[in-house]
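J.: Letter by letter, the chains look like this.
There are 2 protein chains.
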Amino acid sequence: MKEYGWSRNVRQVDPYVPGEQPSDPNIIKLNTNENPYPPAPGVQKFLSSVDVTDLRKYPDPASSELVDAIADYHDVDPSQVFVGVGSDDVLSMAFLAFFNGSDPVLFPDVTYSFYNVWADVYRVPYTEIPLSDDFTIDPSDYLRKNGGIIIANPNAPTGMPLPLSSIETIISGNRDSVVIVDEAYVDFGGESALSLLDKYDNLLVIRTFSKSRSLAGSRIGYAIGCVDMIRCLNDIKYSVNSYTMDRITLGIGTAAIRDEAYFRECVDRIIATRERTTEELKKLGFAVLPSATNFVFARHGYIPAMVLFEYLRDQGIYVRHFGGKRVYNYLRISIGTESDMDKLISVLTDYIERERA
Amino acid sequence: MKEYGWSRNVRQVDPYVPGEQPSDPNIIKLNTNENPYPPAPGVQKFLSSVDVTDLRKYPDPASSELVDAIADYHDVDPSQVFVGVGSDDVLSMAFLAFFNGSDPVLFPDVTYSFYNVWADVYRVPYTEIPLSDDFTIDPSDYLRKNGGIIIANPNAPTGMPLPLSSIETIISGNRDSVVIVDEAYVDFGGESALSLLDKYDNLLVIRTFSKSRSLAGSRIGYAIGCVDMIRCLNDIKYSVNSYTMDRITLGIGTAAIRDEAYFRECVDRIIATRERTTEELKKLGFAVLPSATNFVFARHGYIPAMVLFEYLRDQGIYVRHFGGKRVYNYLRISIGTESDMDKLISVLTDYIERERA
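Quick mapping for you: the protein sequence lines, in order, are chains H and D.
The numbering of the first sequence is our numbering, which starts it at 1 and goes up by one.
The numbering of the second sequence is our numbering, which starts it at 1 and goes up by one.
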């Protein structure tokens, strides 16, 4: 970039790079962990009932309708719930609110690659703690001086869950730090830390509607914690943007979380497809990490990940490939419909059979 | 708030307090500068065409559809446009992106009361420059060492516009600083700084769909500046939240800005109502600042503002009252429909006549 007079005061950052969003509907998109199924039927019903005249008015800044629905669902008090524009918005505000000390915030070296971006933009010192060789998290690594801790559980992009006992070791060993557990994928098989809320005032659990609720396009995330922690998050929100949640999104989110049966059905289907896909990939010579999410993280025995990534792309199947020494040979493959995964397996089978021939 | 172990690392802030959003539809809401007319008819048309299945997928992170529509409308290149979740989101990111120096950022002492909140949350040093006694801005006050400048034009809550020549004096006298002109209300009678964009690379103009486009409930704001400035804003956005604009809001905004005729009609009606309301208020003994916005800032000759504020509230009419020595005796009254303003004038007339009796 050219130098300007005003460049002297520009904040230097190293932004996150989101997965591609191609507009071609024929592409099989297994690159951003979207849910292959539509949102709950109540979402369409709500949309049909919207009176656009109301859009002239600001939304409820407290997002009470959605907060109440989430509180109902999780059986907590509404004062324990904070909502935002996707879990990224909630996480970003949590970094700003809680990670304001001089000791480093701790998170794994292989995890959601936005954590270090938020730390950088808000000038939060941090230490990345290496996962074990088998990509597991050792809770004892997190019992050191710190200014806060964030753990994705299940972790991404590995997909691997951490047992609740290990999460509790980290929370109980750090009562003077906020411990954020990012449960974006927990509905697909992880153990939630929500059951620990009554015991620990230093726990903040963060969730999203983007994966298990099929609403990536609506931008809804939330946090659950003790009342005073939620108050801190609201103070930050009201210091950044009073009205983050628009009127229509509030209604959409409320409709979605009220339909437990549909939610359960979609999640179960995705889990079943994941298990089948894992077996098929193993037959094709992939090592697949044990996933409790709506994606698998897999490495082929002898074909480099980049080669497969580009081949799949040429065949109209988008998956995700990350840089970084430890995961360079892995592909992160979102779980789509049965038919999406059949296509993936068939395209991979063709390639591998040709290689062998 | 109770002290917790984790309190040591919490960022201390002093949040903005938004105007009330009462749910009772019988209240005449003249407290948050909402547009009394519905959004453009294309918004309903778009909503009826939404395929909810698409909500399972992330939105376009670049918001291209809306960016292109805004660029078309203002006849600039799409690379000069940045969109966000209301102008508050855009302003917040602009503070974070551009006001990162050690010299104080300058803005008036009486202006949008979120500026000092953003400065505080992001640890930006700032100096509030007193408006003249008649609430005008003297551009020569802004020709001093600074780390950036932000001017609302027209100003809020005064409603008073600054001539373009004064804005240009500030921009041309500060080529080494980003000068943000916050034009939230410009469509109601101000002179836009957009015409200066080709001349100055240090100018950033910020707009909103909340007022003149009747879409406060949808959360859409935007910035226009030189390409590299917009790139800086996008770098910050991708360091905070990749997907700020949801799929439905992108379509709503696009539909709204494509309807120039409807927009013009609503704005003209509001301006006419404002002029009439101003005359009526003057007849009742109010001093009314000259407004180029969709609100008036008025002080009664002898009745304290708080007395009128509470009386109006009891009568079901909400207006806004701000603290602060200089404006304590003023009320900010949004311009509603003709009938809203008739009601306001009639209720005030009753009160004042009773006072006189």
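For the record, the hints were derived by calculation from the structure and aren't laboratory data.
Take these hints with a grain of salt, some might be off.
As the list makes no split between identical chains, a pair holds if one copy fits it or if it spans any two.
Straight-line Cα separation of at most 25 Å, DSS-like style, residue types lysine-lysine; simulated pairs [as the list claims (entries may be wrong)]:
| hint | residue 1 | residue 2 |
| --- | --- | --- |
| 1 | K343 | K57 |
| 2 | K199 | K145 |
| 3 | K282 | K325 |
| 4 | K57 | K45 |
| 5 | K343 | K45 |
| 6 | K343 | K325 |
| 7 | K283 | K343 |
| 8 | K2 | K145 |
J.: Now, for every hint given, state plainly whether the structure supports it.
T.: Hints, verified against the model:
1. K343 - K57: between (47 Å within a copy, 20 Å between copies)
2. K199 - K145: within (22 Å within a copy, 52 Å between copies)
3. K282 - K325: within (23 Å within a copy, 72 Å between copies)
4. K57 - K45: Result: close both inside a copy and across copies, 22 Å intra and 19 Å inter.
5. K343 - K45: neither (33 Å within a copy, 37 Å between copies)
6. K343 - K325: neither (29 Å within a copy, 69 Å between copies)
7. K283 - K343: Intra 15 Å, inter 76 Å, cutoff 25 Å: intra-copy only.
8. K2 - K145: For K2 and K145, the Cα distance is within 25 Å only across copies (23 Å; inside one copy 42 Å).
The structure fails to meet hints 5 and 6 from the earlier list, while all remaining hints are met.
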